[in-house]
Amino acid sequence: MVMGEVPEEVDIAVVGGGVGGYTAAIRAAELGKSVVLIEKEKLGGHCLNYACIPSKTLIHISNIFYDSTHSQKFGINAQNVTIDAKKMLEWRVGASEKLEKGVAFLCKQNKIDVLKGAGTFIEKNRLQVTDGTEVIFKKAILATGSVPTRLDSMPFDGKKVLDYKQALLMDYIPEEMAIVGAGYVAVEISMLYAKLGSKVHVIARSDVLSKFDRDAVSIVKKHMQMLGINIHLGANPKNYDGSILELDNGEKIKTDVVVVAVGLSPYTEGLGLENAGVETYGKGFIKVDEKLRTSNPDIYAIGDVIGEPMLAHKSMRQGVVSAESAAGLGSSYDNIVVPAVIFSDPEIAIAGSVDPQDGITVKKFPLSALGRAIALDETDGFAKVAYDSNNIITGVEIVSPDANVVITEAALAIEMGATLEDVADTIHPHPTYSESMKEVTEAALGRAIHFFYGNSQ
Amino acid sequence: MEEIKFVDIGEGITEGHVQKWLVKDMDDVKEDQAVVQVETDKAVVSMPAPKPGKIKIVAKEGSDVKVGDVMAYIGTPEELKSAGTSKPTEKAVAVKNVATKPQAQGAQIQIDKPSQRVLAPPSVRHLAETLGIDISKVKGTGANGKITEDDVKAYASSTSAENGKANTEKTEEAKQMQPVTATERIPLTQTRKAIARNMELSWQIPRASHMDLIDATTLFDIVKKEKEKTLKQLDIKLSYLPFIIKAAVEALKENPHFNASYDKEKQEIIVKKYYNIGLAAEAPDGLKVVVIRDSDKKSIVEIAKEIDELHKKVLNQTISLAEMRDTSFTITNVGSLGGGFLAIPMINYPDVAILGITMIRDMPVVKDGNIVAGKVLPFTITFDHRVVDGAEAVKFGNAFKAYLEDPEFLDML
Numbered sequence: 001m002v003m004g005e006v007p008e009e010v011d012i013a014v015v016g017g018g019v020g021g022y023t024a025a026i027r028a029a030e031l032g033k034s035v036v037l038i039e040k041e042k043l044g045g046h047c048l049n050y051a052c053i054p055s056k057t058l059i060h061i062s063n064i065f066y067d068s069t070h071s072q073k074f075g076i077n078a079q080n081v082t083i084d085a086k087k088m089l090e091w092r093v094g095a096s097e098k099l100e101k102g103v104a105f106l107c108k109q110n111k112i113d114v115l116k117g118a119g120t121f122i123e124k125n126r127l128q129v130t131d132g133t134e135v136i137f138k139k140a141i142l143a144t145g146s147v148p149t150r151l152d153s154m155p156f157d158g159k160k161v162l163d164y165k166q167a168l169l170m171d172y173i174p175e176e177m178a179i180v181g182a183g184y185v186a187v188e189i190s191m192l193y194a195k196l197g198s199k200v201h202v203i204a205r206s207d208v209l210s211k212f213d214r215d216a217v218s219i220v221k222k223h224m225q226m227l228g229i230n231i232h233l234g235a236n237p238k239n240y241d242g243s244i245l246e247l248d249n250g251e252k253i254k255t256d257v258v259v260v261a262v263g264l265s266p267y268t269e270g271l272g273l274e275n276a277g278v279e280t281y282g283k284g285f286i287k288v289d290e291k292l293r294t295s296n297p298d299i300y301a302i303g304d305v306i307g308e309p310m311l312a313h314k315s316m317r318q319g320v321v322s323a324e325s326a327a328g329l330g331s332s333y334d335n336i337v338v339p340a341v342i343f344s345d346p347e348i349a350i351a352g353s354v355d356p357q358d359g360i361t362v363k364k365f366p367l368s369a370l371g372r373a374i375a376l377d378e379t380d381g382f383a384k385v386a387y388d389s390n391n392i393i394t395g396v397e398i399v400s401p402d403a404n405v406v407i408t409e410a411a412l413a414i415e416m417g418a419t420l421e422d423v424a425d426t427i428h429p430h431p432t433y434s435e436s437m438k439e440v441t442e443a444a445l446g447r448a449i450h451f452f453y454g455n456s457q
Numbered sequence: 001m002e003e004i005k006f007v008d009i010g011e012g013i014t015e016g017h018v019q020k021w022l023v024k025d026m027d028d029v030k031e032d033q034a035v036v037q038v039e040t041d042k043a044v045v046s047m048p049a050p051k052p053g054k055i056k057i058v059a060k061e062g063s064d065v066k067v068g069d070v071m072a073y074i075g076t077p078e079e080l081k082s083a084g085t086s087k088p089t090e091k092a093v094a095v096k097n098v099a100t101k102p103q104a105q106g107a108q109i110q111i112d113k114p115s116q117r118v119l120a121p122p123s124v125r126h127l128a129e130t131l132g133i134d135i136s137k138v139k140g141t142g143a144n145g146k147i148t149e150d151d152v153k154a155y156a157s158s159t160s161a162e163n164g165k166a167n168t169e170k171t172e173e174a175k176q177m178q179p180v181t182a183t184e185r186i187p188l189t190q191t192r193k194a195i196a197r198n199m200e201l202s203w204q205i206p207r208a209s210h211m212d213l214i215d216a217t218t219l220f221d222i223v224k225k226e227k228e229k230t231l232k233q234l235d236i237k238l239s240y241l242p243f244i245i246k247a248a249v250e251a252l253k254e255n256p257h258f259n260a261s262y263d264k265e266k267q268e269i270i271v272k273k274y275y276n277i278g279l280a281a282e283a284p285d286g287l288k289v290v291v292i293r294d295s296d297k298k299s300i301v302e303i304a305k306e307i308d309e310l311h312k313k314v315l316n317q318t319i320s321l322a323e324m325r326d327t328s329f330t331i332t333n334v335g336s337l338g339g340g341f342l343a344i345p346m347i348n349y350p351d352v353a354i355l356g357i358t359m360i361r362d363m364p365v366v367k368d369g370n371i372v373a374g375k376v377l378p379f380t381i382t383f384d385h386r387v388v389d390g391a392e393a394v395k396f397g398n399a400f401k402a403y404l405e406d407p408e409f410l411d412m413l
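For the protein sequence lines, the chains are L and P, in the order given. Residues 1 to 457 (the numbering used here) make up the first sequence, in order. Residues 1 to 413 (the numbering used here) make up the second sequence, in order.
Do not take every clue at face value.
Unchecked claim - Residues from chain P that face chain L, not an exhaustive set, calculated with beta carbons under 7 Å:
(1) PRO122
(2) ARG125
(3) GLU129
(4) THR130
(5) GLY132
(6) ILE133
(7) GLY140
(8) ASN144
(9) LYS146
In case anyone wonders, no lab produced these hints; they're calculated from the structure. C-beta atoms are modelled at their ideal positions from N, C-alpha and C, and glycine is treated no differently.
Based on the sequences and whatever the hints tell you, model everything.
Rendered as structure tokens:
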């Protein structure tokens, strides 16, 4: 694009090139629409470059490093295992770059015009992009995502006080790390650095993973403590001078860095929503209907910017739905569940709810009865299934290695309206962690095989 | 005390119209005695008493009932005293109203009341969205009330009535502009609704028609001759129709794609190996199609008898659903009413074809170079052009015509 050129007219303008935005752009292009994708930084957004992919890369590396020196029971006696943090970072950045290039390639093949810059609405159907282009659109899709929430008492400086993005871009392993917050991001980062050898403190305002099932959290908490992570419950940070973090309960923690991971805030800065008649609610989320239309029916919004749960896969699905809807198909965002995975050790994965509720029964099957878990010494965990009076599955929770894979079956079961029998009577490959789905549904039906429930069955 | 509820009789029926109570309030009834006639969009059904006892009628004649609504109570006089106090209709409505639509608002996506969700797989939900249907209104026929693709399609084809409602609202304003007495709005009866729905389905079929004239002199003579005999010996009024059915069945055997339906989804022709010939019949409440099952295996006399019985049932409104479904081919006989020369019928969906017959009449016929007075039977075969072509329709027509003009064939029957 050249400055001063006539405005570009397109069918669909997508603002934000993260996983939701580029998915929407590709789907719209597949439907024969002319599409521009406006991204100010990197294609793939936070997920590919700063969050999901980098954290999973580093967690994998930390597991290899940790396991290499903690596998004596298997007969492995490795001496003097070291880790090169720069090399680790190189790999992690390389993985993101590879994926980002992949997205760029896909955009090119789908003839999507990628504009480098930030977009601002100047009228209801007109966007000004900072690269000088003006875009006139028939429909727009907003996928601007979120940014790490700031703590006024502890502003990010990129060196000593880090957000989660910076915590995943370090070229050294700090001796001590304090993490403010105890949500899933904080838990993942704490276990990752503990395994790499840091002395880690977690400062939880209430409790670790306070919004999650206590049965699951207690297992993860136990493992955090086994890794030497020091959990400070009911505490808030007060002051940090670069070496000592002072808490409001009087505790003083010596730490090289402080990572603030207290959540995500919707990102709509500079979008000029008011010029397009797009309304927000709560802490700045964009309001949408079931077709993901904002208060301006020609403008759609998806992903983190429209609210919880702020998860990449929710955004991707909404990318598809919004593009189809904007292209005139009758699609709605009608999903029953958004599965969620915490990549702790062991992983917690959940689809639907396993909270006790009226008319809902919950059954649990312990991992200690599963062949694969025993063989691999990973018996801390369980599968839980919640179901209604017709045996229709309403929720599943998996605490297990590879829970991220196992939960997908549960999500499918719930979307399909499957019953306990549907899952129990499906052959699950042996020996796998997926068998916990079979075992727990069998147990719920009163016909458990690998666990004796006694009279309670 | 037991309730007599209006139940779904297995055809996806959701509402009915209480046509007539066959017993009086507080009558003594026997077990299985038919107590009430309910008009649904498919048929008039009689509901039996579940046990002997006194009956207390709740649903008034002329009122509409939904599946699950209590129509009456049966029990001892003491038991019945308490019956009137509950409000069964409202209760039934409340039970119906459980389906909730999944919401995709910004808030945390969770199943708050999982047992109340709409039970439909994602592909079916998407189909409903594509068709612009609120899936929470669709009744599921699968296990646990799961909504299937077919349920959504069936609902889609039945929403024409709904659209009618929407139009009513739109024209409300216009209506107010006119004197109230200038027009009258008559809600469709259940039967009329069903007819409307079927006609809309039929209209989707890309159709064409082929017409021809049959020299019916021989047919006329044979029927005239046999008529007296069968009336005397068997007490049956013989008409041309059984012969026409027989000739049509033979023509169908030679042209099996006319004895078929079309599966649009799979793009397959479903050829029927049976000959269930539908006959269009005008009932007091509108058009109905009765079925002569396995017409190929029945004699002329048997068919004549069955037509007579079915016709009586249509007039008495005692025809059952089973006697009105699974046609493989349909014949509509305009001639029985006396008028008309040629007509183009609507195909009886999902059949591939329909045969329209008008009256046999005296017409000039050219025989051996001379014009003589002949008996002529005009007919039309209207067919689904996706499945068969005009050439095949001509072949079918010629075969049909040849059988009806062939004295040997007719004699054999």
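Hint check:
Restraint check, PRO122 (chain P) versus chain L: the minimum CB separation of about 5 Å is within 7 Å; hint holds. Given the 7 Å rule on beta carbons, the hint for ARG125 (chain P) holds: about 5 Å separates it from the nearest Cβ of chain L. The closest approach between the C-beta of GLU129 (chain P) and any C-beta of chain L is roughly 4 Å, which is under the 7 Å cut-off, so the hint is satisfied. Among the interface hints, the one on THR130 (chain P) holds; its C-beta lies about 4 Å from the nearest C-beta in chain L, closer than the 7 Å criterion.
Contact between GLY132 (chain P) and chain L, as hinted, is supported at the beta carbon level, the nearest pair being about 6 Å apart and thus within 7 Å. For ILE133 (chain P), the interface hint is violated, the least distance from its beta-carbon to any beta-carbon of chain L being 9 Å, above 7 Å. Residue-level restraint check for GLY140 (chain P) is violated (minimum Cβ-Cβ distance to chain L is 9 Å; threshold 7 Å). Annotation: ASN144 (chain P) was flagged as interfacial toward chain L, and the flag holds, the nearest CB pair being 5 Å apart, inside 7 Å.
Evaluation of the LYS146 (chain P) hint against chain L yields a held restraint, the C-beta minimum of about 5 Å falling below 7 Å.
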